[in-house]
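Protein chains: 2
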Amino acid sequence: MTVDPDRNVTLRGERELVERAGHLLLSAEREFVCAAGDLKTWSMPGLRARIAGARHRTAPPLTVRKLFNPQVLDDEESRRHLAEVAARGAQVRICTTGLPHETILVDGRIAILAGPLVGGVRGYTVVRSPDVVRSVGSLFLAAWDAATELAEFRRTHPPVLGQESRRVLAMLGAGHKDEAAARELGLSLRTYRRRVAELMKLLDAGSRFEAGLRARELGLTG
Amino acid sequence: MTVDPDRNVTLRGERELVERAGHLLLSAEREFVCAAGDLKTWSMPGLRARIAGARHRTAPPLTVRKLFNPQVLDDEESRRHLAEVAARGAQVRICTTGLPHETILVDGRIAILAGPLVGGVRGYTVVRSPDVVRSVGSLFLAAWDAATELAEFRRTHPPVLGQESRRVLAMLGAGHKDEAAARELGLSLRTYRRRVAELMKLLDAGSRFEAGLRARELGLTG
DNA sequence: GAGGCGGTGGCAGCAAGCTGCCATCGCGCC
DNA sequence: GGCGCGATGGCAGCTTGCTGCCACCGCCTC
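So the protein lines, in turn, are chains E and Z.
Each step along the first sequence adds one to the number in this note's numbering, with nothing skipped, and position 203 is 411.
Each step along the second sequence adds one to the number in this note's numbering, with nothing skipped, and position 201 is 409.
These are calculated hints, taken from the structure and not from any lab test.
Taking lysine-lysine pairs in the DSS-like style, the calculated list, with each CA pair at most 30 Å apart, reads:
id : chain 1 : residue 1 : chain 2 : residue 2
1  : Z       : 385       : E       : 409
2  : E       : 385       : Z       : 385
3  : E       : 409       : Z       : 409
4  : Z       : 409       : Z       : 385
5  : E       : 385       : Z       : 409
Here chain Z is said to cover these stretches of chain E; the calculated rule only asks that three of the stretch's residues, wherever they fall, bring their Cβ under 8 Å from a Cβ of chain Z:
id : region
6  : 378-389
7  : 410-417
8  : 420-429
Cβ atoms here follow ideal geometry from the backbone N, Cα and C, with glycine treated the same way.
Kindly produce the complete structure, drawing on both the sequences and the hints.
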């Protein structure tokens, strides 16, 4: 890593990013900002835990802001992770406009911008030029302000269900047993239950009761 | 049965009522009106089916109005029966003020008024005097107009739940397994499930999913 | 045609839920 | 005390729901 703050450095692959810029991420004292289309880009095994650990040392509590596209809510693991992150005090928002590039901002001093995959490896450009970082920061802020709080988003944006899912929902809502419902929908018992399981994942429900609750809550019925 | 229209006849017990006044009930051509505190008074086995059958013969469709107190909604069998009756075209309303006496009105011509139990047998007085029947009719109409449609009533009057039922609901809504929920509430598994079963009866739900749906629908959560 | 891939469905085994039956216990009442 | 009544909880057996595993099928690609 050069000492010239106006020299951008591009690292290839997450491993190199972690090795050579990990300390930058850990150096956050005031604010840690992260924008990404999905959760995959910043997986960085092991680093998250160290960041989480580092937070305990900071005198002024670290402000953590995470901005994502709606598709992070598509799979259950991501939802669980987001919920956990939010529970630890991070602010999480969802932005319906496409996020340009995956971005990290540390204390308004350092920006790390992800590039496209090149030969299966993603490039990460570490930027320290104050003007560049500032303008990235203000772009982020604009997107952040336009985005909606995770909880609010989830409350007002029910997951989009296909035709079949809605028919499964109707069967469940009518109180039919699985066997009858499957027959009525022309599905095998196995497949019907697969659908129900998918639905429950989608609704973040641990039981059918809960699923019913949420289905009504999100206005997915009738 | 006397031919004098101004002579009231009191019949003792439902059997006698059915035997000697059953034909009056079946003679309804225009309107059949029934008000009762509960469904027990007019059980009259076999008669209902015959009334239902008779309706097919009537040239102008028979208007059926039934007025009940809220407690008919307390037990599941009554609810099912009411739903069935309503589905067959009867108008069903719920009246929150106590209904004075069980009453039947046939075509504005005949009134049958139930009295108290005497020696375990209820008396039924058949009235044909036009003035009396008219005034009973107008009293009924007043109560009818003040009452609310069954569907509307059920939508706006969620069943009153005890403290414990609400805690059971909370457990269900939190997605807990029965065992965990029972432990948390300090109940045995058996009793917890009894509570759940009661709750589901109360909510008219054939499955836990449905119960969740209704619970949210009736605003019984959070 | 070979092979991969996604969706389906049968099966089996387990987990969870449901309910009838009965013993028990507390409580009010005679 | 004796009795009945309602609530509780243990037990057992059954139903329902859940899921991993595997085989199969249709489709696409090479």
